[in-house]
Amino acid sequence: GESVGLHLPTLSVQEGDNSIINCAYSNSASDYFIWYKQESGKGPQFIIDIRSNMDKRQGQRVTVLLNKTVKHLSLQIAATQPGDSAVYFCAEGGNKLVFGAGTILRVKS
Amino acid sequence: GAGVSQTPSNKVTEKGKYVELRCDPISGHTALYWYRQSLGQGPEFLIYFQGTGAADDSGLPNDRFFAVRPEGSVSTLKIQRTERGDSAVYLCASSLTGMPPGGELFFGEGSRLTVL
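Residue numbers (our numbering), protein chains in the order written: chain C, 704 to 812; chain G, 2 to 117.
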């Protein structure tokens, strides 16, 4: 779905634990998906992307999983650090990226 | 410059006034995007340029909004007769080739517009 207004879902994790952030996308025809991280007062920053012909892609400390059957995308962050605290957005599409509403990640030291 | 630059970073204006927001993309990037982000929401697509031309302007909310990119580099987003509902952060992004893939979007820090 799209925006949930001001009440973004929040995930609180302990430093060093793994984080899993989930996203449901709307367009079954989308063939490209991206995760962005946005810190307060800054623009979104690219984390990792995946094409629809893949179901998993790994980066440095991050893994994206794609389940096209249920139109679900997840971002896994290993050994979460305080610097990972931010709002995370999934986005889908081609020339015109459509962003989800976002999830706040809070890392407790 | 090293990244996407947007000016002004903050703009406060009165209802009914005209505003211009400027975006200076990463040198050599042919694709340029404008998004609008309201508090607590994800960025919302406004318009996409490939070179000098608007390849997709389907996200512009109404005819008060207009954007140009006359030389294929710097872009200006223009808002006429501003309304309080236009208050948001306006984000610009550029990409080497456009999406997807290999056309990763690099975002600026945004211009925060407040309409009183």
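Honestly, the hints are just simulated from the structure, not real lab data. Model, not experiment: these values are computed from the prediction. There's no promise every hint is true.
Cut-off 20 Å, straight-line C-alpha distance, at most; resulting in silico cross-link-like pairs (EDC-like, lysine to aspartate or glutamate) [unchecked claim]:
| # | chain 1 | residue 1 | chain 2 | residue 2 |
| --- | --- | --- | --- | --- |
| 1 | C | K745 | G | D25 |
| 2 | C | K745 | G | D57 |
| 3 | C | K811 | C | D787 |
| 4 | C | K799 | G | E84 |
Right, here's what the structure says about each hint:
With a C-alpha separation of about 16 Å, the suggested pairing of K745(C) with D25(G) holds against the 20 Å cut-off. The hinted pair formed by K745(C) and D57(G) fails the criterion: a straight-line CA distance of about 25 Å is larger than 20 Å. Note on K811(C) and D787(C): the hinted pairing holds, with a Cα-Cα distance of about 11 Å set against a maximum of 20 Å. Of the pairs offered as hints, the one joining K799(C) and E84(G) is violated, with about 25 Å between alpha carbons and a cut-off of 20 Å exceeded.
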